[in-house]
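Chemist: Residue numbering for the sequence shown follows numbering that gives the first Met the number 0, starting at 0 and increasing by one per position.
Since the hints were derived computationally from the structure, they do not count as laboratory data.
There's no promise every hint is true.
Claimed, not checked - Below, simulated BS3-like cross-link-like pairs (lysine-lysine); rule was C-alpha separation at most 27 angstroms, straight line:
| no. | residue 1 | residue 2 |
| --- | --- | --- |
| 1 | K418 | K379 |
| 2 | K369 | K379 |
| 3 | K105 | K465 |
| 4 | K469 | K418 |
| 5 | K105 | K463 |
| 6 | K465 | K426 |
| 7 | K463 | K418 |
| 8 | K105 | K418 |
| 9 | K445 | K463 |
| 10 | K426 | K469 |
| 11 | K379 | K469 |
| 12 | K445 | K465 |
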Amino acid sequence: MLRESEPGGPRSWWRTLSREIQTGAGSVGAYYDRRTLTLVHLEKGLTASRVQRVAQLPVPGEGLPPLAPAVQELVQAWGLENPPAGLAVSPRLGLMRPATLPAAAKANLARVVGYEIDRFLPLSPEQLVFDYLVVNETERELHLLLLGLPRALVEDWLTLCGGAGLSPVTVEPGPLAGANALAVMHGRPPAAFLLLAADGPDYDLLHFSRRRLRGWQAGKLTSVTALAELLPPEMPPEEAPQALYLLGSATLPAALRAGAGNLPFPVVTETQVALKGTLPPGPTTPEVLMAAGAALRGVGRVPFAVNLLPEGQRATPKLTGLLLTRFFSILLFGLVVVWSASIFIHSRIALSRVERQVAELAPAVREVEKQLQDTQNLLKQYDDLKRRVEQYPGPLQILRELTEIIPDHTHLYSFRLSKGQVELSGKSASASELINLLERSGRFTKTEFVSPIVTDETGSEIFKIKADIKGAARGS
Numbered sequence: 000m001l002r003e004s005e006p007g008g009p010r011s012w013w014r015t016l017s018r019e020i021q022t023g024a025g026s027v028g029a030y031y032d033r034r035t036l037t038l039v040h041l042e043k044g045l046t047a048s049r050v051q052r053v054a055q056l057p058v059p060g061e062g063l064p065p066l067a068p069a070v071q072e073l074v075q076a077w078g079l080e081n082p083p084a085g086l087a088v089s090p091r092l093g094l095m096r097p098a099t100l101p102a103a104a105k106a107n108l109a110r111v112v113g114y115e116i117d118r119f120l121p122l123s124p125e126q127l128v129f130d131y132l133v134v135n136e137t138e139r140e141l142h143l144l145l146l147g148l149p150r151a152l153v154e155d156w157l158t159l160c161g162g163a164g165l166s167p168v169t170v171e172p173g174p175l176a177g178a179n180a181l182a183v184m185h186g187r188p189p190a191a192f193l194l195l196a197a198d199g200p201d202y203d204l205l206h207f208s209r210r211r212l213r214g215w216q217a218g219k220l221t222s223v224t225a226l227a228e229l230l231p232p233e234m235p236p237e238e239a240p241q242a243l244y245l246l247g248s249a250t251l252p253a254a255l256r257a258g259a260g261n262l263p264f265p266v267v268t269e270t271q272v273a274l275k276g277t278l279p280p281g282p283t284t285p286e287v288l289m290a291a292g293a294a295l296r297g298v299g300r301v302p303f304a305v306n307l308l309p310e311g312q313r314a315t316p317k318l319t320g321l322l323l324t325r326f327f328s329i330l331l332f333g334l335v336v337v338w339s340a341s342i343f344i345h346s347r348i349a350l351s352r353v354e355r356q357v358a359e360l361a362p363a364v365r366e367v368e369k370q371l372q373d374t375q376n377l378l379k380q381y382d383d384l385k386r387r388v389e390q391y392p393g394p395l396q397i398l399r400e401l402t403e404i405i406p407d408h409t410h411l412y413s414f415r416l417s418k419g420q421v422e423l424s425g426k427s428a429s430a431s432e433l434i435n436l437l438e439r440s441g442r443f444t445k446t447e448f449v450s451p452i453v454t455d456e457t458g459s460e461i462f463k464i465k466a467d468i469k470g471a472a473r474g475s
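Please model the complete structure; the sequences and the hints are all you need to start from.
Modeler: Here it is, written out as structure tokens:
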């Protein structure tokens, strides 16, 4: 719930001081679900972010742009000028898909996702804005979560910001914004937790572990759905959830709410979440929580960073107030240190004598340390050389293994082995499958095309591939 400090006293004085020295550190967050637009005014204080004001506007049939005059009036009434603004969007308005790519794509992951996005999401890249998160990776595969929104929705938000005097900094899915609000403004969640965001019969279940999103599933609830049925399958102990947060708890079926007490960890609803602020006491709603999470990006970094706003259209937040806050915090800390140091001034005099004696011995100690370091470096070089000699495979062995791996429809023109890396060129009926064949062999890694594939007059594909040899250092 939103709590207000009592008038007068140290808390009131501290709040006033915080407001004065962090002028310009305010931001606006919004949550949009096609029916309403919930707006939150967030300010960054000396010790925490505080929700200052909340407003909710009904969205007309024309969408977000007609709300620009009303939003501008609110922003001016809140005393803000061109504040940074973040938008959290209902997951019902966006797209979420898991995707798997070869581990070799990690080096140029953003580019590969851009090329492959139309394989996973039903809209073309021209109709879509998207971002991705790496939820897991193995030696051979990358497991991603792709998140997208129709470009028209993002353009409507930019139009609204332009007409209302807002500086857009982010667009993100509502559940992730809610998770950021919980992590930053509601104390420290456990190392692993679940977030269930419900909107009528629709739900999204997110699994977080060690400040990373590990899984996201969506579906529909029924009157007989039990909470235990939604929990992810068995997982390593360090990733097992230790709490469940519910957003939209009032819309959950009665049977599901009744089963909350049977879980092996605590369940926290949005009405139990206490956000610091200056509003009268009242229950926190999911919309306010997600709007507050969207506003956090305007006053600092967040743990779960996804941004569906194209990079060229993101404004840079003016953090003058935040820098001033840090300056005063450092100044206050310095004064405390000086005051504390005065208590031990006599001890420091004796300590300085010891330090002078240590300084006299320092050159001899450094010389011994240098000799020891030189000896350790020589031993390390010897071990590296011995390991490389033992592990580095010979050219004939590599060539023999390539002969077994490469299919009959592929012919090599050249084979080059140098410094732990092999380079092949030739022609094949299907050059693209060679990457997977080489990776699956267990001998090669970081396999990639050196140049584009060219098709000759016979239909064969001319290729040039390079790969690192496992067990051989690049300097071998």
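Chemist: Now tell me, hint by hint, if it's right for this structure.
Modeler: Hints versus structure:
1. K418 to K379: holds, 20 angstroms
2. K369 to K379: Holds: K369 and K379 sit about 15 angstroms apart, inside 27 angstroms.
3. K105 to K465: The hint holds at about 16 angstroms.
4. K469 to K418: holds, 12 angstroms
5. K105 to K463: holds, 20 angstroms
6. K465 to K426: holds, 14 angstroms
7. K463 to K418: holds, 18 angstroms
8. K105 to K418: holds, 22 angstroms
9. K445 to K463: Answer holds: K445 to K463 is near 14 angstroms, not above 27 angstroms.
10. K426 to K469: holds, 25 angstroms
11. K379 to K469: Since the Cα atoms of K379 and K469 sit roughly 20 angstroms apart, the hinted pair holds (cutoff 27 angstroms).
12. K445 to K465: Holds, at about 8 angstroms.
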